[in-house]
Amino acid sequence: MATSSTDVPSGPRTTASETPPQHLTTDDRVGLLRAMLSMRAIEQRAMNLYRQGKVPGSFYDGFGQEAVSVGATWAMAAADRLCVLHRDLGAHIVRGVKPATILSQYMGREAGITSGRDGNVHFGDYRKGCVGMVSMLPDMMLVAAGMAMAFKLRDEPRCAITWFGDGSTSRGDFHEAMNWAGVQNLPVIFVLENNQFAYSTPIDQQFAVNPVQRAAGYGFPGVSVDGNDVEAVFEVTRAARERAIAGGGPTLIEAVTMRMHGHGAHDDMKYVPKALVEEWRKRDPIDRQSARVGALGIDVEALRAEVLAEVEEAAKLALAGPMPDPATATDRLFHPRDAKEILLEDGDAPWSGFAGERS
Amino acid sequence: MTSSSTDTGTIVDVTMPQMGVSVAEGTIVEWRKQRGDWVEADETICEVSTDKIDTEIPSPASGRVVEILVEVGVTVQVGVTLARIATDARPGEPHSAEVDAPPAAPATPAAPAAAPSPPAAARPAPPAPPRPHPERSRRRYSPVVQRVADEHDVDLDLIEGTGREGRVTKQDVLAWVHARSASHSADGEPEPVLHIESPYRPGAGGSVTGPYVAPEGRPLSRMRQQIGEHMKRSQQTAATCTTWIEVDVSRIEVARKQLAITALPLIARCVIGALVDFPLINAWLEDDVHTVHEQVNLGIAVALGEDGLIVPVVRGAQDLSPEGLSRRIRDLARRARARQLSPDDVRGATFTITNPGQFGSMMATPVISQPQVAILDVEAIIKRPVVITDAFGDDAIAIRPMVILGLSWDHRALDGALAARFLANIKKRVESYEY
Amino acid sequence: MTELTYLRAISDGLRTEMREDERVLLMGEDIGVYGGAFKVTDGFIEEFGPDRVMDTPLAEAGIVGTAVGAAVVGLRPVCEMQFADFVSCGFDQIVNVAGKMLYRQGLPVNITVRLPSGGGFSGGPFHSQNPEAWFMHAPGLKVVAPSTPEDAKGLIIASIRDPNPVIYMEHKNLYRHVKGEVPEGSYETPFSARVARPGSDLVVITYGAMVHTALEATEDIEGASIMVLDLRSLVPLDEAAILSAVHECSKVVIVDEANQTCAAGAQVSALIAERAFEDLDGPIVRVASPDIPIPFSPPLEAAVLPSVERVREACRDLLEY
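Residue numbers (our numbering), protein chains in the order written: chain A, 53 to 411; chain B, 46 to 480; chain C, 12 to 332.
Mixed in with the good hints there might be a few duds.
Partial pick of chain A residues on the chain C-facing surface, computed with a CB cut under 10 Å [claimed, not checked]:
id : residue
1  : R133
2  : V186
3  : D191
4  : M192
5  : L371
6  : P374
7  : F386
8  : P388
9  : R389
Rough simulated footprint, nothing fancy, chain A against chain C, three-plus residues with beta-carbon under 8 Å [claimed, not checked]:
id : stretch
10 : 179-185
11 : 317-326
Hints are computed from structural coordinates only; laboratory data are not their basis. Where a beta carbon is used, it is the ideal one built from N, C-alpha and C, also for glycine.
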């Protein structure tokens, strides 16, 4: 229910009629929906393009998990920094990356964020403060911790956030990052997207003790949240951020959700019990937010249509774009000494709570 | 020539002979027998050199050499005892040193000679090839060796390798190139001190071999010194000029095949004919006294390889046919190379022909042999395209064997016009020759 | 100029750059309070404070990964792996996160990773390695290996300033055994090779501690003129200097202290065979450690690491070819 800055919710939450969220305006709530609609529309369009052979390699989506990235990113300030993972397209969208750019990226076009150097969601627009992921998970937890470390060393009121899956917590980098963040008390938010499966491995084969419970072992709180409730995800992230900025250190947020599609487009997820999928379908984050926003009198269908049209337009634009020039394949391996220094830049921060900070 | 000997019981002396009337001394060039060796009477015991000639000395007796009194290179007066032979010894008795001295190798390799036997073909004979290395065809060359050889147009088979098992190294090729360029005169450009490929850099941490040490020189042989003196004296005495003329030797070529001789005696025959027409050239000039000779004593230069050359004389050549000339020239050349010429064989020439043409050279400036007033140089016969004018005055190109005759002549005794006419006379005789 | 040991020269370089650029942050195990396992950062925490001389948890991946994060938000981290051997624990972060970031995302990663490497003092299999070849092989990383105090200081400063990930191989055995003149103040050594001794009959190409072995081995081999080329930089490899040396000398001995297979010298050898074939007057000779873990007991280790005698013998043999 209602939260205060120190009252951290735990356990899944339902979305029965509830009091309006303390920190979200109507625009915020619509914005959250819009971002999720955009993520789903882009990913569905991209899936079609993939099946048409226009998206090379493999394709991953976050179908059914849109709230985790959208909700959390909504709480991040322009000067905060993000390490985004492969089911978190919503983070890029909230930070301001355009749909056409995203589709170009999927199709390996010149106009993509990586200009064809890396594929699908392996991207991060540094001009929006996002760092692109690597495939070794959860390597980026350490990078996020490092960014937070720098903020702390420089005494800056800034925060770093990263997402990672249930499977990746089994690797050593998870421990090193958790330990490091805990011992140095860093302003970092670790979002564990527990979508029940790591490829074909269910969580009961992944760990004996849920990582969220292990957070205490590293010296900081572990918080569970309904990962399919975008406003709950927002709230818990906002609170964690507030704590971090205040010097309270890291938070591990477990966003409980379900991977509705296979690991990738190539995976038919036969190993997932159909009943489980059906149950989670009823908890679809977009449906739930649509209901909320609709109840406020917003024309959700019009919004949906608008988003679809936008994505359609973006697809046309992306399809018209050129492939990268093979002659450039060996470019940009090293940054020249005399070239301008490139660092992460500020991204969009649409939350109303930052309105005072927007110039 | 005679060898003197002195009998003292059983010991016979070998003494320095008088080699010709004016000879006063001689130098031991080589001992063919060593102390303790057995020698038969008339067998060559040593070789001596005089102003005029090198010659072999036959042993005056059979016996065992018991003493060598004059070492190689020492000059002694005629009549001095050179060695002693014990005539009462027996062959087969043990040698005093228990070792047979190896017979000394002849001083001259059997290099091709100039004159009397130029090669039959119009083309000059190829130069003597360097000693073939038995393994050279199997040698492999490293990439850099091949590259450098290519860049400098070097025949790698000529190079001795100093690398492992005789491998030619990069340094070997570069040293060869450097030595070759040092021995060629440049086009007026000074040879750079350091060739760009040279492995040597000034001031680099120590050079490969340290400061250059010149090899030890060898004094010139007595004959070489004599030849040198003669040449210098000639050039200082005579006012030497050289005139050339080009001659078509087609008919000579035909004739020599018929007669089975070389071109030289045929050309010599034409020269003799011209000398009869121009007696002023068949002459001596000594101290402003010009002596015309009736006889043509034709000197023919014979090369003796590294040791130099000698000019045996065909006396009374005016009486000889080309075949006769050929026989005489061949005989003289053979004896010259075998060191069997007598002093009279090399005296009294009134005109000299030199013929080094088998190597392919075209022209030369020979030195006049004193006290003669001219010398004729015959170089290579080379097939060339020439202009032929027929009876109607039409020109055509034909391939003809051509030779350039060069006449060095003493301007104190004659003029250029005479020289040219003399040459033109030879040319006419050669080009209209009929055997 | 001052005479400094190789170790003091590295300290001097770090200190000089830290004074000049407040973004420089040292990270490593025991580098702060203890001054570093080898005392490279002795006295640093007193001057720069614990925020800039960070005693990290025992976590190589953590050190490198957090350094990447700090770098992309504007710090200039210099990580230390206490022994080069431990870099394998941070391999993934170096190769996959740091090395590939710029190429993929256009985001440069300015980190320096110091690897105290090499053997010769009974360090055994886990304290004696020379792992530079692993990082030469990973695209997006620069690799440098100074052999002299002057270069050690100049290269650490240049590495920090280079906006790319730089793996800095500092040879432990040179720390206190090698002294040399070091310019005072701030200067950079370029990422290029250096002719340690000029020559023309044969060139020994090497880097790190083996430069000193090579110089000693080739001081006087029957008066031959032997060049020693100190690579100094492995990525980028100074191809022009290598090819020029081979063109001049035509005989090449390459010395690696590292295990032979796919060592840095193997790349140099391939480069020469491909691009300087027509300059060769003999086979390309390599001297390296055999492909075994570096043993601990002194006679074993001495038999494994390339010695002065082995290098001399290889040169002598090739000179005679």
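Subject >> Violating hint indices (sorted, rising) >> reply: Violated hints (numbers, rising): 5, 6, 10, 11; every other hint is consistent with the structure.
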